[in-house]
Amino acid sequence: MSANNDQEMLPKKIRDELSEQTKGVSEAKAKKAAEAIVQEYQNAQVEPGESVGIVSAESIGEPGTQMTLNTFHFAGVAEMNVTMGLPRIIEILDGRSEISTPMMEIYLKGANAKGKDVQEIALSIKETKLNEITTGFHIDIAERSVTIELNEEKMRMFGITMNHVNNALKGTKGYTLSSGKEGIVLKKKDKEENINALYVDKEKLKQLHIKGVKGISQVLPIKRGDEYIIITAGTNLKEVLGLDFVDESRTVSNDIYEIAATLGIEAARQTIINEVFKVIESQGLNVDIRHIMLVADTMCNLGVVKGITRYGVVSEKASVLARASFETPIKHIINASLIGEEDKLDSVVENVMINQPTPVGTGLPGLAVKVHK
Amino acid sequence: MSEVYLNGKFVGEVDEPRLFVERIREERRRGAISHNLNIAYHPAPDTVEVESNRGRALRPLIVVKNGQPLLTERHVRQLERDEISWADLVEQGVIEYLDTNEEENSFVAFSDSELTPEHTHLEIAPLVMLGLASALVPYANYNQSTRLNAGSKNQKQALGLYVSNYSLRMDMDVNVLHEPQMPIVQTLLHSISDYNKHPSGQNVIVAIMSYKGYNMEDAIILNRGAVERGLARSSYFRPSIAEELRYPGGLVDEICIPDKDVKGYKSERDYRLLEDDGIISPEAQIHEGDVIIGKTSPPRFLSSLDEYSLDSSTRRESSVTVKHGERGVIDFVLLTENDEGNKLVQVRVRDERIPEIGDKFTSRHGQKGVIGLIVPEGDMPFSESGIIPDILFSPHGIPSRMTISHLIEMVAGKVGALHGRYIDGTAFDVEPEEKLRKELLAMGFRENGVETMYNGETGEEYRAKIFIGNMYYLKLKHMVANKLHSRARGPIQLLTRQPTEGRAKEGGLRLGEMEKDTFIAHGASLLLKERFDSDKTILPVCEGCGTIAIHDEFKNRSYCPLCGDNVEISFIEMSYAFKLILDELKSLCIYPKLMLKSKY
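Note that the protein sequences, when read in sequence, are chains L and S.
Residues in the first sequence are numbered from 1 upward in steps of one, following the working numbering.
Residues in the second sequence are numbered from 374 upward in steps of one, following the working numbering.
If a hint is listed, it holds; no wrong ones were tucked in.
Capping the alpha-carbon separation at 30 Å, the derived lysine-lysine pairs in DSS-like fashion look like this: (1) Lys-909/S x Lys-317/L; (2) Lys-808/S x Lys-838/S; (3) Lys-889/S x Lys-331/L; (4) Lys-154/L x Lys-187/L; (5) Lys-317/L x Lys-970/S; (6) Lys-317/L x Lys-959/S; (7) Lys-972/S x Lys-959/S; (8) Lys-889/S x Lys-344/L; (9) Lys-639/S x Lys-878/S; (10) Lys-741/S x Lys-526/S; (11) Lys-370/L x Lys-970/S; (12) Lys-331/L x Lys-909/S.
If the Cβ cut is set under 10 Å, some of the chain S residues that face chain L in the computed set are: (13) Met-887; (14) Ser-898; (15) Leu-900; (16) Lys-902; (17) Ala-950; (18) Cys-962; (19) Ile-963; (20) Met-968; (21) Ser-971.
Worth flagging that the hints you see were computed from the coordinates, not collected in a lab.
Note that the coordinates shown come from a computational prediction; the quantities given were computed from them, not determined experimentally.
Just so it is clear, CB atoms sit at the ideal spot from N, CA and C, and this is done for glycine as well.
One chain only, chain S, in its complex shape (with noise of 0.2 Å):
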C-alpha cells in the first residue's frame, strides 16, 4: 500500500502505486484530467505526490513512447502552416509540463539521436536550458557562464522601446532609444519574444584596437561622425507632479503665479515661463531653478487671527522646480484630478540624450564600458575600403574575460552586413564559424576578420592588422548627466551644520573614517582639520565653569549662564557636532567642562 498526497495533504493509499501514476498520466495526456497535474512516485519513501497548486515550476518536454517521440515530421509542418498551434500540441498529449517532483521518474533524451526505448521525454530543444534574456545572447554557448550572465544582466538594462504608448504615460525615469535596429546576428528568441518588433540596440562597427589610452580599463572610444549621424541618441523622461492638496479648515493649495508678497517668492525669472494657469507651456525649454508648476499653499501654523484671512501676504510658496542639475524640454502637460477629487497637475520633461563621455554601452557579452573619448571621425583609424568604425574597443578586455562569442559576434556581424542577411546566433544551434568564415573569404576579406587599418591622423598603415567587425551594441540607462555631481559650497543640515547627503539635496562628498585615517598616516594633521572644518563653529566658554557661555550680539557682552557675567569669557572654536555632544551629555545628567589653555 502506498501513501498518495495531493498538495501536500493525505488522501488515500493505493495498492498498485505504478500503475496508478502511469494511468493518471494516461488521463492527463488524453486531457481527462487537467494539463496543470503532475504526479510522482516515489519508491524509497513509498509515496505517490500529486501536485496541482499554483506557483510551481514547470516545463514543457516532449513526450515518448517506445522509444520514438510523439511530435511527428507532421506537426512540424502543420506548425509552420499555422495550421496548429502549441496550444494543440498540449491537448494532444505530444507536448506535456513536467514539474520538478514528475521530473524525477522520468527519463529525459537530451536529442533525438540518442533516444532508446527507456526514454520517456525528449528535450524540445537545448536552448530551453537558458532563460530569457539570456538566450538573447548569440553563440552563447562559446562561453564562460558568469560572462552569460554579465551579458543577460546588462541587457535588461539597456534602453529601447520600453513601451509603444510612451508618449501618453507619466513614468518616471524612463528612456526611449531613437533609432533602435534588429541585430543583424539574432537568436531564435529573438523572433519568438518579438525582440524585433522593439529592439534596444544598434548594430555598430566595432575594431578591437587601442586609441592613445583613452579605452583602456574597459572604456571605449566613440566615433563622433557616428555620434551626430545620431547613433545612441535618446531621450529621458521624468515627470513632475502638483496636487491642489487640501487642509483642515477649508484652506488649499492653489495652482497659480504666486503674488510676489508670498512667503519665499523666487525671483520674477524664475516664473517667467509659467502661462495664466500657473502651468508651463509645452516645449519650453527649462534649465536648473525655473518653475515648472507655480504652486502656493496655506500657512504652516495657524497662530494669529489674521492668518486666517486668505491673504496672499500670509501663503506659503510651494512650487515645483527643476530639480538640481536637470534640464530640458516641457514635453507634455497633463491635467486631472485624483481620487480625492483634487486638481492634478503632471508635466513631463524631456531631455534629449546624445552620447557623452562616460555613458555606460555593452554589448551582448557583459562586454560594458562607459565611453572614454568621442574622437572626431577624421581623426578615426580607417579600413583599407574606408570604413571608419563607430567604437574601437579595447583588446585588454577580451583574453581574461575570455567572451568568445564576442569575437565570434563580431565576424558573423561582419557577414551578416556584408550579405544583407540575419545570422543565427541561437546557442547551441549556431551558423558554424567555419562556413562565415568562408563567407568572409569569398567576399575577398580575410577570413578571420582581420583588416588592414590606417592611422586616422597620419595616415600611416598601423603595423598589427585590426580585427573589425560589425556587432550589436547596447547603450544602457546609467548616464553620466543624472550621476554628475560636485560641491564646493551648499546646504548643510539643521541639526548637525554638517553638508547633506546625496546628490539630490547637493550634498558634499563624504571624507569617511578610513580616508581620514590615511591623512593621519601622512601627518598631514592641519589639511584633515581643514576637511573637517565644515561644520565648525565659534562659541564663547566661561572659564569658569566650563560650559557653553552666551554672547549678546545686540550688546555685545557676554556672560555665563551659571556664574553671571563677572567671569572671563573666551571664544573657541570646535566642530558643531562636538557642541551637540556636549548637549547630549548635559541632557543625561552628565556636566561636561571645558577646560581651557593657552595653545601657545
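Only chain L is shown next, with the shape it has when bound in the complex (with noise of 0.2 Å):
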C-alpha cells in the first residue's frame, strides 16, 4: 500500500491540516510526514479485542466516587437551581424521563443576541398563568358564577393586557363572559346547581395560560461571551424552536426525551454527551469524552432513549445468563425457561460464569483451520 492510499483512512480534518502544513515542503518529505501521521493514527485506534466498555466503565467510575454529592450553590448569584453532580449523572445515564430541573439556554438571533429587547423577549416566553395576575377567585353560588379580580400592577409587570386575558378566557366552555365592577364575571350557562363543578372550574381557571410559551416556568436573560440567552426553567423545545427571534440551530434544551422527541435520536445522542460530560467537567475531574460517547452511542443505538438499568439497556442484552447477573435473575431465568431460550455464551459475563475463556483480548481470536478429532 502506497502512503498515498493510507492516507484515505485519516479523517478529513487532519488531512487538511496535513496538506497545508506540507506546503512548499518537498515531496519526499510530505510523503515522509504523511506515514509518520498514518503511524500515529493508526496507534490511537482501538484495537479489536480491546474491552472498550468496561474501560470506559472504570474511567468513569473511578473519577465518579470522588464527585461531591451536592450541587454547589451561589448564594446571592441570579443563577437559577440546577441538579448537577452524582444526581444528575444518574438521572442522564438511568434515562429518566422527568428530570429533575429541566432547563433551555435559548440562543437570539440578530439584532436581539447584541442585546435588543431581551428583557422583553424573555418576559414573553415565560409562562403567565392566571393565578399570578390576579388578587382573588370568588365564586358565587346563588348565581353561579366566578368573579376574577385581576391585580393590573402584576398585569403591567408581565406586560398582559386585558386583551391577553380576555383571548384565554374565550377558550373556557359552559360560561358566558362579562366585565363586572369587581373583574371579569364568568357564569354558568347550564342551569344544574352543581356547585362543585363550579369549584373545579375555579381550580382549573387559577391554571389557565395566559400568554408565553407553555412549561417554561422562569427565565433568566444573561450575557454569555459577547451575546445575550436566556436560559429558562421549564422545557418546551418545539414552541421554542417556532419563534421567529430564536436561533433555532443553537437553542439547547436538557431534556435529553424532548430532544429525542423534537430534534431526533442523534441530537439526544449528542444532548447524553454534553450533558455528562458539564458534569465531569465542572467538578474538575477528567474523563476523556470517547467514554461518554460510547455510553452515549449504548443507550440510543436502538433508536429510542434507553437508560443503563434493567428495564434499559440491559433487557436488550442476547445473553440470558447476562441479563440474569444483572439484578432480578429470576424473572429473567424463568422467562426464558418458558420460551426455552438460547444462550450463545458470546459475550463476557456468562463465560465467567462458566469460567470459559471470555472472548475479549487474547480470548478472542480463534483458529481459522479446522482442527480435526
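Starting from the two chains in their separate frames, assemble the complex, guided by the hints.
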C-alpha cells in the first residue's frame, strides 16, 4: 500500500491540516510526514478485542467516586438551581424521562443577540398563568358564577393586557363572559345546580395559560461572551424553536427525551454527551469524552433513548445469563425457561460464570483452520 | 401558675417558679435533698422540670455567689493536706453537679478572672471539656481536633498492663507490655487516673528525618539496638479451652492421649508434648499443628450396635491443636470444672513479641505508623553528643496533619529527660514552649530542638539540622504476627468447592468483581480464566440431552441417566459453581441443557 492510499483512512480534518502544513515542502518529506501521521493515527485506534466497555466504565466510575454529592449553590448570584454532580449523572444515565431541573438555553438571532429587547423577549417566553395576575377568585353560589379579580400592577409587570386575558378566557366552555365592577365575571350557562363543578372549574381557571410558552416557569436573560442568551427553567423545545427571534441552530434543552422527540436520536445522543461532560467538567474531573460517547451510543443505538438499567439497555442483552447476573435473576431465568431460550455464550459475563475464556483480548482470536478429531 | 414535672411526669403547679427552683437548689446545696437531683425552670413553656433519674450526664461546677466562688484558697489547702475530700466539697455545696437541663438556667464563667455578680457557676478547669483519653494527650490545645480524636483513639489500643492479675486470668487475645514507662511529658490526668501505675508506652528518642525512604507513608524506622535492649517487647496470651462434654446415652468426651486406632488420629509426633493426663506441660515450646490438649469424642452418629461398645476404635479424635500460623510457649495450665460439673481444661499460650516490620506504633498525637525497617544500631544516624535515635519519623507526616503537639512534646521530652523531671503538658495549662526553649538553650542545645547529625553509614555530617527529642511512644495491639497470611493451596468449602475465607481457615484472598473487571479491561482473558479455576471440575455431559452424565470409574464407562449408554458423552471443563446453579435450576423444574460444540 502506498502512503497516499493510507492517507485515505485519515479524517478529513487531519488530512486538510496535513496538506496545509506540508505546503512548499518537498514531496519526499511530505510523504514521510504523512506516513508518520498515519502510523500515529493507527496507534491511537482501538484494537480489535479491546474491552472498551469496561475501560469506559472504569474511567467514568473511578473519578465518579470523587464527585461531590451536593450541588453547588452560589449565594446571592442570580442563578437558577441546577441539578449537578452525581445526581445529575445518575439521572442522565438511568434515562429518566422526568428530570429534576429541566432547562433550556435559548440563543437569539440578529440584533436581539446583541441585547435588543432581551428583557421583553424573555418575559414574552415565560409562561404566565391566570392566578399569577389575580388577587382573588370568588364563587357566587346563587348566581353560579366565578369572579376574577385582576391585579393590574402584576399585569403591567408581566406585560399583559386585558386583551390577553380575554383571549385566554374565550376558550372556557360553558360560561358567558362579562365584566363586572369587581372584575371579570364568568356565569355558568346550564341551569344545573352543581356547585362542585363550579369549584373544579375555578381551580382549573387558576392554571389557565395566559401568555408565553407553556412549561417555561422562569426566564433569566444573561450575557455569555458578547451575546445575550436566555436561560429558562422548564422546557418546551418545540414551541421555542418556532419563535422567529430564536436561533434554532444553537438553542438547546437539557431534557434528553424532549430532544429525541423534536430533533431526533442523534441530537439526543449529543445531548447525553454534552450533559454528562458538563457535569464531569464542573467537578474538575478529567474523563476522556470518548468514554462518554460510548455510553451515549449504547443508550441510543436502538433508535430510542434507553437508560443503563435493568429495564433499559440491560434488558436488550442477548444472553440470559448476562441478564440474570444483573438484578432480578429469577425473572430472567423463569422467562427464559418458558420459551426455551438459548444462550450463545458470546459475551463476557456468561463466560466468566461458566469459567471459559472470555471473548475479549487474548480470548478473542480463534483458529481459522478446522481441526479434525 | 407553672407546671412542675418530676422525671417527665406532671406532679402539680407552683405560683412562683423562680423562687421555687431557687429554694430547691438551696436545699440541695444544704444537703437536705439528694445531690443527684437537678431542677430547671423554662420560662417559654412556663414549666419547672425536676430530674433525678439515673443515666443523665452530669458535670461538676464550682458554685458562685455574688461573683465569688465558694471554693476558697482554704479549701484548696485542705485538699492538698488531705484534710477534706472531693465528696466533702460536694456535701458542703461548694461543688455541685449539673445536668444539661439545669445548665440552661446557669451562667458559667470559664475562668475566675471573668466572674461577674451575674455568674452562677465557675468551671473547675478547662481540661474538663476533654474526655479521659483525650486529656491524656499532652499539649492537646495546640492541635486540630481531628488529630486529638485520632490520638485518643490510638491510645486505647496501646499495650500496657491491662490488669495487674493477668497471670491468673484466662483472657482471650491480650497483650502485656514488658517494660512500661511513665511518660516524661505528662498531663494532670496522668496523676488523677493513676496512669503512672499502669503506663502503656515507653519514652524513646525520636528524630524527624527520612531514611532511604523506608519511613515513607507513615512508616517508622526502629533502631535494632533499641529493639535488642527490649524496646516495645510484649507478650501475647491466648487460652485454649477443652471440655469433657456429656452426650445423650451416657457417652462422654475424654481428655487423654488418643489411642492410635481413634478415627482421625494425627501423627505420633503431634502428640509428643502431651503428658500422661493428655494435657501439655507448662513451658513447652509449641508450633503449628502440635496438640495442646488431647481429647477423644464418641462417634457422631450411632448407627450400628457395635458403636455402643465404647471401644476406642469407634471414637473420634477432637484434640485442641495450635492454630494455623501460631506458635509460643505454654504459660499456664488450669484444670477445673464448669457449671455442669464437666471437666474443663484451659491452657494459656504465651508468645513473646519482639517488634518486627509491620508492627504498629503511635505517638499520642494521632501519628500512627508501622515499622518499615529495623536498622542496625551502627547504621543509625547519630548526633554530636553520640545520641542515637530509637525511632526515625518521617517529616512528611507533619505539615498536612499540623500536629504541633507532636513537635512540642519532643522539645518538652528533651528538656525533661535532660533535667530529670516530668513536664506538665496538661491542655490549656502547659509549661510554656518559650520556657522550655530557654532551658534547652541553657543546657547548651539549640533552643529549637534541632541538632547536627551524622550519617550512620558514612559518618558524613547531614547538611540539614535534624529535629530530635524525646517522646512517649505506644505499641498498639495490631501486630503482623496476628495478621500475616498467604495461601498457595489449602482447604476448600464443601458446597462450592471454592477456597475457604479468612485467615483462621487458611482461606484464599478473593479476586472480587472489580478486580475481575480489570483483567477484562486488559484483555487478559486466559489469565482471568486461570484465576477462576479454583473450583474447576471436569464433568461428563450427554450430547443427546445436554444433562450432566455419569462416569463409572470402576467399569470405566459413561452413561446418561436419561438416554442410557448408547449416546455420545463428552468431558467438559466448567466451574463447580456453574454445575451447582444447573442443579438449582433443576430443583426449580427448569431444564438447563448444555449444547456442545467443538471449539476448534
